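S.K.: In order, the protein sequence lines correspond to chains A and B.
Using the working numbering, read the first sequence as starting at 1 and increasing by one per residue.
Using the working numbering, read the second sequence as starting at 1 and increasing by one per residue.
Just so you know, these hints were derived from the structure itself, not from any lab.
The structure displayed is predicted, hence computed values, not measured ones.
Hints may be right or wrong, so weigh each one.
Distance condition first, Cα-Cα at most 25 Å in a straight line; then the derived DSS-like pairs of lysine-lysine [stated by the list, open to error]: (1) A:24 / B:92; (2) A:160 / B:45; (3) A:146 / B:45; (4) A:160 / B:92; (5) A:134 / A:66.
Residues of chain B placed beyond 10 Å of chain A at every Cβ, according to the derived structure [claimed, not checked]: (6) 22; (7) 23; (8) 38.
Just so you know, even glycine gets a beta-carbon here, dropped at the ideal spot from N, CA and C.
These are the residues of each chain, in order.
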Amino acid sequence: MIEEQPQLIVIAGVPGSGRSTFAKCYKNAFIHSLPLMSFKEGLSSGESFSTILTLAAPEDMVNLQKAHRRGYRITIYYMFTGRLLSMLRARYRQIAEGIPFSESSFKKNYAASYKGLISTYQRCEIVFFIRNQKEFEFLAAYDPKKTSLEVFSKALKVVKTSVDAIK
Amino acid sequence: MRKTLTKKIIKGKEYFYLVFRKNGVLKSQYLGGASSMKYKKYLFKLTAESGSYGIDKARHKNFSKGAPIVYVENGFLVDEYKNGTKEYLNSKLQVVKVVAKHD
Numbered sequence: 001m002i003e004e005q006p007q008l009i010v011i012a013g014v015p016g017s018g019r020s021t022f023a024k025c026y027k028n029a030f031i032h033s034l035p036l037m038s039f040k041e042g043l044s045s046g047e048s049f050s051t052i053l054t055l056a057a058p059e060d061m062v063n064l065q066k067a068h069r070r071g072y073r074i075t076i077y078y079m080f081t082g083r084l085l086s087m088l089r090a091r092y093r094q095i096a097e098g099i100p101f102s103e104s105s106f107k108k109n110y111a112a113s114y115k116g117l118i119s120t121y122q123r124c125e126i127v128f129f130i131r132n133q134k135e136f137e138f139l140a141a142y143d144p145k146k147t148s149l150e151v152f153s154k155a156l157k158v159v160k161t162s163v164d165a166i167k
Numbered sequence: 001m002r003k004t005l006t007k008k009i010i011k012g013k014e015y016f017y018l019v020f021r022k023n024g025v026l027k028s029q030y031l032g033g034a035s036s037m038k039y040k041k042y043l044f045k046l047t048a049e050s051g052s053y054g055i056d057k058a059r060h061k062n063f064s065k066g067a068p069i070v071y072v073e074n075g076f077l078v079d080e081y082k083n084g085t086k087e088y089l090n091s092k093l094q095v096v097k098v099v100a101k102h103d
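Required output: the full structure, derived from the provided sequences and hints.
M.R.: Structure (structure tokens):
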């Protein structure tokens with residue numbers, strides 16, 4: 001008997017990259033078929049689910065490892081916005097909500113998120129690159145079975161550099 | 001044409017179909033399993049559909065909180081306010097141009 005593998009959709013990116021907006025915009029298509037919940041809730045349910053992560057926190061990595069070990073098929077939608085743009089978005093939002101904004105902690109998370117994506121890549125079934133500098137634009141899709149980690153890392157660096165470039 | 005993604009599980013394996021109505025007749029289009037190229041291309045297509053929907057949501061959310069929306073236009077960062085005024089910023093976050101909306 002073949003057991004059904006649960007699916008995990010991760011909408012990832014730094015704060016201010018538009019992850020929650022993306023989840024809302026595409027909910028009628030594919031994400032809608034899976035409930036959007038926290039990682040802890042989803043993993044404990046054992047069912048397919050979608051979640052939003054920065055991939056910057058060490059617990060994100062631990063949770064993704066756990067999901068992979070439990071047989072989850074992991075799909076990542078990674079949002080690229082650029083450092084300054086996502087920082088401004090996060091800053092405006094936090095100020096509007098009355099939360100102090102820490103630029104140093106944002107910068108730390110920004111770098112850690114890309115590292116997190118690289119370290120998670122080989123546990124994924126597919127990774128989509130989405131640019132969100134004004135509208136959501138599909139850039140590429142990488143399948144670890146077909147694209148090596150080295151090629152993926154290079155592609156990630158190219159996209160990161162392009163979105164970071166502001167006149 | 002609205003097409004709904006449908007999943008069927010047969011003997012523990014997942015298969016995907018697009019179900020839609022054409023000339024009043026219900027039709028389905030087989031995409032294959034989760035690893036099939038047809039299914040992956042369908043997902044690519046969804047993410048490739050760019051539109052103003054996301055930015056409209058951001059406008060509504062931010063403006064209701066009194067915050068501007070920020071995006072990139074012609075290589076500059078743009079702060080757009082509720083009254084339609086746009087501030088263009090450079091990489092040092094200096095305002096290089098202001099465009100006010102006129103009625």
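S.K.: Against this structure, judge whether each hint is valid.
M.R.: Results of checking the hints against the structure:
Among the hinted pairs, residue 24 (chain A) with residue 92 (chain B) is inconsistent with the structure: their alpha-carbon atoms are about 32 Å apart, more than 25 Å. For the hint pairing residue 160 (chain A) with residue 45 (chain B), the CA-to-CA distance comes to about 22 Å; that is within 25 Å, so the pair holds. Of the pairs offered as hints, the one joining residue 146 (chain A) and residue 45 (chain B) holds, with about 20 Å between alpha carbons and a cut-off of 25 Å not exceeded. Simply put, residue 160 (chain A) and residue 92 (chain B) have alpha-carbon atoms about 18 Å apart, close enough for the 25 Å limit, and the pair holds.
Note on residue 134 (chain A) and residue 66 (chain A): the hinted pairing is violated, with a Cα-Cα distance of about 34 Å set against a maximum of 25 Å. Under the 10 Å C-beta cut-off, the non-interface status given to residue 22 (chain B) relative to chain A holds; the minimum distance is some 19 Å. At roughly 23 Å from the closest C-beta of chain A, the C-beta of residue 23 (chain B) stays outside 10 Å, upholding its exclusion from the interface. In this structure residue 38 (chain B) is separated from chain A by more than 10 Å, as the shortest Cβ-Cβ distance comes to about 14 Å.
The structure fails to meet hints 1 and 5 from the earlier list, while all remaining hints are met.
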